[in-house]
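Engineer: Residue numbers (numbering that gives the first Met the number 0), protein chains in the order written: chain L, 0 to 405; chain P, 0 to 405.
Simulated from the structure, these hints should not be mistaken for lab results. Watch out, some of these pointers could steer you wrong.
Remember, identical chains collapse to one label, so a pair may be satisfied in a single copy or spanning two.
What the hints assert, rightly or not - Subject to a maximum C-alpha distance of 25 Å in a straight line, what follows is the list of computed BS3-like cross-link-like pairs (lysine-lysine):
| id | residue 1 | residue 2 |
| --- | --- | --- |
| 1 | Lys384 | Lys295 |
| 2 | Lys117 | Lys373 |
| 3 | Lys335 | Lys59 |
| 4 | Lys267 | Lys162 |
| 5 | Lys295 | Lys46 |
| 6 | Lys46 | Lys379 |
| 7 | Lys335 | Lys117 |
| 8 | Lys87 | Lys335 |
These figures come from a predicted structure and were not determined experimentally.
Number of protein chains: 2
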Amino acid sequence: MKIIHGGVTAPKGFTAAGIYAGIKKKRKDMALVYSVVPAKGAGTFTKNMVKAAPVLWDIKLTKESENIQAIVINSGVANACTGEEGEKNNLAMAQAVASALQLPIDSVYTASTGVIGKQLPIDIIKDSIPQLAKELKDTTAAGTLAAEAIMTTDTYSKECAVKFTVGGKDITIGGMAKGSGMIHPDMATLIAVVTTDLAISKELLQEALSEDVKHTFNMISVDRDTSTNDSLLLLANGMAGNEEILEKNDDYYEFCKALNIVTSSLSKMIAADGEGATKLLEVTVEGANNWDDAVKLSKSIISSNLVKTAVFGNDANWGRILCAMGYSGVEFDPYKVDLIIESETGSLQLVENGMTTDYSEEFATSILSSEEIKATVNIKQGNAKATAWGCDFSYDYVKINAEYRS
Amino acid sequence: MKIIHGGVTAPKGFTAAGIYAGIKKKRKDMALVYSVVPAKGAGTFTKNMVKAAPVLWDIKLTKESENIQAIVINSGVANACTGEEGEKNNLAMAQAVASALQLPIDSVYTASTGVIGKQLPIDIIKDSIPQLAKELKDTTAAGTLAAEAIMTTDTYSKECAVKFTVGGKDITIGGMAKGSGMIHPDMATLIAVVTTDLAISKELLQEALSEDVKHTFNMISVDRDTSTNDSLLLLANGMAGNEEILEKNDDYYEFCKALNIVTSSLSKMIAADGEGATKLLEVTVEGANNWDDAVKLSKSIISSNLVKTAVFGNDANWGRILCAMGYSGVEFDPYKVDLIIESETGSLQLVENGMTTDYSEEFATSILSSEEIKATVNIKQGNAKATAWGCDFSYDYVKINAEYRS
Chain L
0 MKIIHGGVTA
10 PKGFTAAGIY
20 AGIKKKRKDM
30 ALVYSVVPAK
40 GAGTFTKNMV
50 KAAPVLWDIK
60 LTKESENIQA
70 IVINSGVANA
80 CTGEEGEKNN
90 LAMAQAVASA
100 LQLPIDSVYT
110 ASTGVIGKQL
120 PIDIIKDSIP
130 QLAKELKDTT
140 AAGTLAAEAI
150 MTTDTYSKEC
160 AVKFTVGGKD
170 ITIGGMAKGS
180 GMIHPDMATL
190 IAVVTTDLAI
200 SKELLQEALS
210 EDVKHTFNMI
220 SVDRDTSTND
230 SLLLLANGMA
240 GNEEILEKND
250 DYYEFCKALN
260 IVTSSLSKMI
270 AADGEGATKL
280 LEVTVEGANN
290 WDDAVKLSKS
300 IISSNLVKTA
310 VFGNDANWGR
320 ILCAMGYSGV
330 EFDPYKVDLI
340 IESETGSLQL
350 VENGMTTDYS
360 EEFATSILSS
370 EEIKATVNIK
380 QGNAKATAWG
390 CDFSYDYVKI
400 NAEYRS
Chain P
0 MKIIHGGVTA
10 PKGFTAAGIY
20 AGIKKKRKDM
30 ALVYSVVPAK
40 GAGTFTKNMV
50 KAAPVLWDIK
60 LTKESENIQA
70 IVINSGVANA
80 CTGEEGEKNN
90 LAMAQAVASA
100 LQLPIDSVYT
110 ASTGVIGKQL
120 PIDIIKDSIP
130 QLAKELKDTT
140 AAGTLAAEAI
150 MTTDTYSKEC
160 AVKFTVGGKD
170 ITIGGMAKGS
180 GMIHPDMATL
190 IAVVTTDLAI
200 SKELLQEALS
210 EDVKHTFNMI
220 SVDRDTSTND
230 SLLLLANGMA
240 GNEEILEKND
250 DYYEFCKALN
260 IVTSSLSKMI
270 AADGEGATKL
280 LEVTVEGANN
290 WDDAVKLSKS
300 IISSNLVKTA
310 VFGNDANWGR
320 ILCAMGYSGV
330 EFDPYKVDLI
340 IESETGSLQL
350 VENGMTTDYS
360 EEFATSILSS
370 EEIKATVNIK
380 QGNAKATAWG
390 CDFSYDYVKI
400 NAEYRS
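Modelling step: build the complete structure from the supplied sequences, incorporating the hints.
Structural biologist: In structure tokens:
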């Protein structure tokens with residue numbers, strides 16, 4: 000298994016395009032991903048009660064549609080809180096793609112990201128789709144154009160691909176994602192697309208994705224705000240030529256491992272590129288009685304505004320980590336907690352059995368001054384552990400979100 | 000019933016003092032509140048698993064002690080995550096007050112606020128207590144000195160008092176509080192003291208407080224971080240001379256009403272003076288099926304970083320309010336939601352049945368530019384409602400918390 004250069008166009012038979020249509024002021028705002036043959040689709044979606052029109056459509060397709068062949072995505076407007084007109088616009092967007100590519104409408108996933116409460120500029124979108132379809136290419140560059148077109152306040156595009164083998168056949172998985180703000184996924188993050196040329200049953204594809212997302216996208220947070228538009232979409236078109244995976248055999252688990260590399264890489268990129276973020280914070284909680292407890296503890300730590308501002312200030316204010324654990328809802332003995340921080344600069348134990356180790360503040364600050372920081376917490380109760388990813392909290396988060404619509 | 004000038008020294012028989020002892024660099028850091036006769040004590044405390052030493056002590060006294068006569072509070076160090084040494088220091092602080100005032104140690108509540116994980120400078124504290132006891136006075140100014148001595152990053156001291164009548168006798172309730180950061184009370188906020196000269200049984204005093212806190216201190220949030228030190232302490236010394244309240248009669252409910260004026264005023268002051276805050280945000284959710292749902296919805300809105308940054312930027316980005324309601328865990332129909340904002344500038348309906356009213360953005364911005372903003376959300380399902388208080392989220396929150404220990 001190895002990580003390769005590329006994104007959604009890396010697997011056989013997938014093409015993509017990204018263009019500027021005029022929804023946003025200047026930057027690319029329409030993306031299309033296409034499989035040259037019908038693919039199986041799987042998806043996980045936001046649990047927010049307020050669901051955007053494209054989310055409702057994709058949930059329906061994921062349940063009812065046997066084949067998915069295209070994913071169309073616009074940025075700039077989220078098409079959430081837009082009522083019947085929003086649903087009509089969403090269908091019009093899907094229909095425009097279906098017409099341009101000669102597909103049935105129920106094989107076209109849609110996704111939107113941007114401001115909530117505004118209607119899609121549907122004429123601009125419909126006009127742009129023939130051009131978008133014409134520009135579809137299977138090159139790495141085309142995948143990157145699509146990854147760029149789904150960005151909102153992201154500062155860089157997020158792609159990842161991995162190659163592995165099933166029954167002597169080369170299989171590839173590729174993915175792209177956008178994140179930045181309103182990131183506290185409760186199913187998947189605000190729009191990620193993963194493609195693969197693997198042959199696998201629809202049921203197992205969905206099961207692999209649903210299991211994977213618990214450990215990857217659902218383990219990141221930028222601001223504790225679960226979006227209305229979270230969608231993770233996965234297409235498998237079978238073009239690698241492997242014998243179709245129909246049971247949970249070794250091949251299935253090999254696929255799950257490869258999928259996890261792509262989704263956890265994209266998740267980390269989203270956390271690191273959180274709005275205003277200057278660094279990535281990875282928190283592992285060990286020694287929990289069960290996985291749920293470890294998840295609650297690690298997410299509580301990476302979600303705390305006080306932990307995040309301390310990390311921004313390179314301040315080893317570990318009391319805030321214990322405080323965030325304390326209100327997570329998990330029972331533990333504060334006087335059993337150990338805490339170690341590490342980065343490229345070195346590693347340092349700050350807390351032993353719930354109290355300070357009288358560490359060097361200077362060394363702690365130098366560790367925290369890195370762009371990637373790991374914290375490991377051991378609560379010494381059981382054997383379960385979980386890892387969550389977040390980012391620091393800087394002035395720029397406030398700036399970006401105070402001025403978002405202006 | 001009327002609101003009067005003053006704080007903890009307003010009721011008969013209560014004295015207070017606040018001095019600089021040397022725990023903090025420059026500002027006052029030790030406060031003492033004293034009742035000249037034994038009083039009944041009630042308290043509500045943090046639900047954080049990590050509880051500071053003074054919190055553990057006060058919980059014990061609240062259960063076991065018939066009389067409370069003094070409350071000693073230091074700021075600068077929280078005495079949390081400090082193990083056995085922390086508990087020993089806490090007892091030493093209580094004992095020093097007991098000796099200076101010739102009281103049994105189990106009539107002395109303690110409270111600490113400040114950095115987590117550091118030991119109290121117990122010698123400095125012990126040395127300061129005789130002077131603190133000597134400076135006890137029943138004046139309004141003495142109450143203010145105490146309110147100032149418990150401040151951390153608060154920008155002003157928080158006091159409130161109210162007068163009402165029970166059986167022909169004037170009764171007074173006075174209170175002080177400190178807040179600012181790590182404010183998301185799950186029982187009471189980081190240190191509030193309320194005094195009254197009412198005569199009432201210990202059981203009813205506690206019941207009134209426990210019920211009240213659900214509607215006041217537990218309904219505010221600055222940063223979703225529930226502190227390790229939250230304590231709300233209430234003393235009733237009976238010196239007003241009313242017939243002791245022993246049942247839930249009209250007098251009891253009159254007391255509850257008066258108590259609510261004091262605690263909700265202090266709660267609002269804490270929300271308005273949240274770290275870096277430039278304005279107070281009051282959110283009422285109406286039309287809920289039950290009170291719990293209304294609480295979850297209103298607290299989810301005031302806690303959202305995205306709502307808070309939009310309010311800071313005077314941006315009527317109402318989609319973020321619906322989004323925050325959507326992930327609150329409460330079921331509702333997004334297309335039934337109405338939303339009205341108001342301030343001294345006027346009022347404006349932004350949302351009708353889940354969609355924009357095509358309001359004037361300019362007028363919305365002028366409403367949001369006030370220092371006190373109310374938002375009323377109606378979900379049109381039932382008759383329950385709740386109000387929560389929060390603040391906006393500015394650059395200064397980040398500044399204060401990135402540099403807290405430096």
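Engineer: With reference to the structure, classify each hint as holding or not holding.
Structural biologist: Results for each hint:
1. Lys384 to Lys295: Intra 11 Å, inter 30 Å, cutoff 25 Å: intra-copy only.
2. Lys117 to Lys373: Between copies, since 23 Å is at most 25 Å while 40 Å is not.
3. Lys335 to Lys59: between (48 Å within a copy, 23 Å between copies)
4. Lys267 to Lys162: within (19 Å within a copy, 57 Å between copies)
5. Lys295 to Lys46: both (17 Å within a copy, 16 Å between copies)
6. Lys46 to Lys379: Between copies only: 22 Å across, 33 Å inside.
7. Lys335 to Lys117: For lysine 335 and lysine 117, the Cα distance is within 25 Å only across copies (17 Å; inside one copy 51 Å).
8. Lys87 to Lys335: Between copies, since 19 Å is at most 25 Å while 57 Å is not.
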